[in-house]
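Protein sequences, first through last, are from chains A and B. Residues in the first sequence are numbered from 1 upward in steps of one, following the working numbering. Residues in the second sequence are numbered from 1 upward in steps of one, following the working numbering.
Since the hints were derived computationally from the structure, they do not count as laboratory data. It is possible that part of the hints are untrue.
[Stated by the list, open to error] Computed footprint of chain B on chain A, listed as stretches where at least three residues anywhere in the stretch have a Cβ under 8 Å from a Cβ of chain B:
1) 74-86
2) 97-111
[What the hints assert, rightly or not] Calculated Cβ distances over 10 Å to all of chain A for the following chain B residues:
3) T78
4) A85
5) A101
6) G152
7) G180
8) K196
[To be verified] Selected chain A positions facing chain B (in silico; Cβ < 8 Å):
9) E114
10) Y124
11) L197
Ideal Cβ placement from N, Cα and C applies to all residues, glycine included.
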Amino acid sequence: MNATPLLTVDGLTKHYGQHVGCEAVSFSLWPGEVLAVVGESGSGKSTLLGCLWGDLPPTLGRITYRRRDGTAREMGGLSEAERRVIQRTEWGFVRQNPADGLRMNVSAGGNVGERLMAVGARHYGTIRRTATDWLARVEIDTARMDEAPTAFSGGMRQRLQIARNLVTEPRLMFMDEPTSGLDVSVQARLLDLLRSLTHDLGLAVIIVTHDLGVARLLSDRIMVMRGGRVIETGLTDQVLDDPRTPYAQLLVASVLQVAG
Amino acid sequence: MMAEGGDYNFAYLDEQTKRMVRRALLKAVAIPGYQVPFASREMPMPYGWGTGGVQVTAAVLTPDDTLKVIDQGSDDTTNAVSIRAFFARTAGVATTTETCAATVIQTRHRIPEAPLAEDQILVYQVPIPEPLRFLEPRESETRTMHALAEYGLMHVKLYEDIACHGEITTSYAYPVRVAGRYVMDPSPIPKFDNPKMDRMPALQLFGAGREQRVYAIPPHTPVVSLDFEDHPFSVQAFSGQKCALCGATHVYLDEVVTDDAGGRMFTCSDTDYCERRQAAGFRP
Numbered sequence: 001m002n003a004t005p006l007l008t009v010d011g012l013t014k015h016y017g018q019h020v021g022c023e024a025v026s027f028s029l030w031p032g033e034v035l036a037v038v039g040e041s042g043s044g045k046s047t048l049l050g051c052l053w054g055d056l057p058p059t060l061g062r063i064t065y066r067r068r069d070g071t072a073r074e075m076g077g078l079s080e081a082e083r084r085v086i087q088r089t090e091w092g093f094v095r096q097n098p099a100d101g102l103r104m105n106v107s108a109g110g111n112v113g114e115r116l117m118a119v120g121a122r123h124y125g126t127i128r129r130t131a132t133d134w135l136a137r138v139e140i141d142t143a144r145m146d147e148a149p150t151a152f153s154g155g156m157r158q159r160l161q162i163a164r165n166l167v168t169e170p171r172l173m174f175m176d177e178p179t180s181g182l183d184v185s186v187q188a189r190l191l192d193l194l195r196s197l198t199h200d201l202g203l204a205v206i207i208v209t210h211d212l213g214v215a216r217l218l219s220d221r222i223m224v225m226r227g228g229r230v231i232e233t234g235l236t237d238q239v240l241d242d243p244r245t246p247y248a249q250l251l252v253a254s255v256l257q258v259a260g
Numbered sequence: 001m002m003a004e005g006g007d008y009n010f011a012y013l014d015e016q017t018k019r020m021v022r023r024a025l026l027k028a029v030a031i032p033g034y035q036v037p038f039a040s041r042e043m044p045m046p047y048g049w050g051t052g053g054v055q056v057t058a059a060v061l062t063p064d065d066t067l068k069v070i071d072q073g074s075d076d077t078t079n080a081v082s083i084r085a086f087f088a089r090t091a092g093v094a095t096t097t098e099t100c101a102a103t104v105i106q107t108r109h110r111i112p113e114a115p116l117a118e119d120q121i122l123v124y125q126v127p128i129p130e131p132l133r134f135l136e137p138r139e140s141e142t143r144t145m146h147a148l149a150e151y152g153l154m155h156v157k158l159y160e161d162i163a164c165h166g167e168i169t170t171s172y173a174y175p176v177r178v179a180g181r182y183v184m185d186p187s188p189i190p191k192f193d194n195p196k197m198d199r200m201p202a203l204q205l206f207g208a209g210r211e212q213r214v215y216a217i218p219p220h221t222p223v224v225s226l227d228f229e230d231h232p233f234s235v236q237a238f239s240g241q242k243c244a245l246c247g248a249t250h251v252y253l254d255e256v257v258t259d260d261a262g263g264r265m266f267t268c269s270d271t272d273y274c275e276r277r278q279a280a281g282f283r284p
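Can you build the whole structure from these sequences, using the hints too?
Laid out in structure tokens, this is it:
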């Protein structure tokens with residue numbers, strides 16, 4: 001594994017007035033690593049993700065990202081222009097509700113092509129070919145590429161959102177509960193797809209989930225959050241099979257066991 | 001400054017309002033294609049009838065000006081006649097239908113066929129100034145996109161056209177890039193007129209009353225219509241038709257239904273241009 005981290009978070013704190021969103025979160029993420037952030041509702045997972053992505057300005061702390069060209073960038077000190085360039089070329093964000101991450105009145109092909117056009121692609125044939133490739137990779141029937149996502153099922157919309165993000169070959173993906181709105185069989189297929197894509201592309205991923213099954217299947221490392229603080233962190237197997245803190249033990253024990 | 005009748009201030013608007021509009025216009029000219037907010041006033045006509053254009057015209061008009069008003073290329077439709085009468089009454093300026101004789105031309109949906117000169121001002125009426133509006137409804141977001149020159153989304157519109165229809169079917173309000181920077185909605189003129197905007201010697205001013213925005217293209221400014229490398233911009237061709245009254249080709253034609261038995265004819269959309277050609281002896 002590469003010796004320098006892709007993303008370094010140091011003492012990240014977000015207060016909403018008196019209320020604590022997240023408190024003193026520090027971690028490093030290496031290229032190709034999948035980090036799951038788990039915890040119950042209100043534990044600060046989504047606040048953390050919002051701060052990392054740049055939607056929420058943190059109260060305290062530093063986020064350092066190493067760009068594709070090797071230069072380290074302190075995200076808080078960047079101009080909005082550079083932050084947005086990083087967001088659409090090197091990062092991606094998969095939202096819980098695909099309608100928030102897609103343009104619902106634009107065709108599937110247009111949704112995938114948008115990022116290409118945003119980075120300057122001006123050849124229709126090339127854009128079309130690349131979009132077709134990516135739709136095929138996320139198992140969407142390319143005969144339906146000119147249909148709007150409103151005509152798609154929830155699982156297809158989520159896969160479309162993933163293709164739309166991956167088309168510029170990002171290095172770091174943020175995912176906020178990507179499977180939680182889907183039924184179980186569709187979830188399984190999406191997880192399978194995510195696992196093979198992250199593996200094939202060497203993607204680093206920060207995935208927020210309350211589903212420990214998702215964490216176990218996808219992630220290399222786990223961070224358990226409670227009340228805005230990270231209470232336990234470690235390798236996925238280690239945390240899930242041998243949780244150290246009482247809360248993590250409770251969390252693991254509360255998973256429904258289906259047929260041993 | 002009072003008009004002949006003495007009942008209205010010159011060109012209807014009060015002097016402070018005209019100064020406010022002029023300040024916005026100066027900024028608009030300084031930043032070609034950038035939408036400048038202005039405090040649009042209530043005008044004695046409904047929104048959609050050219051309240052933005054009328055305010056811009058009122059702000060630039062001087063007593064020595066000669067005004068021409070066009071609606072869909074014609075000088076004698078309701079909108080054109082009433083705006084012309086409005087300024088004849090409130091400003092007492094001379095009016096004309098002749099493109100070359102006018103110093104200020106207010107227009108809706110067309111650019112005249114006759115080339116414009118440096119001493120002329122073309123004022124457009126604009127319903128929706130934001131070219132990105134129908135793709136990105138958040139005004140805060142479109143302003144950021146303009147500020148950072150993030151215009152990929154505009155091509156998504158053109159992509160959708162080609163994906164659905166095999167070609168770019170956007171035929172009016174076709175987006176342009178002004179002076180290599182701002183993407184601008186040229187108002188609902190046919191894309192046939194887009195090339196005329198490029199390096200036009202006349203000053204082009206755009207007023208959107210309801211949306212409270214003005215923008216401008218200074219004389220001789222490059223204006224490029226957006227397109228794809230493999231689907232270049234092209235204008236309407238009218239499949240070889242010519243004007244049934246003056247025989248003109250290479251002009252924007254209106255199709256006119258003449259009876260209920262399928263009879264139809266094509267005529268110049270620019271009525272002044274057509275009349276002048278007929279007077280000069282051109283026949284079909």
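Against the earlier hints, flag every one the structure doesn't satisfy and list their numbers going up.
The structure conflicts with hints 6 and 11, although it agrees with all the remaining ones.
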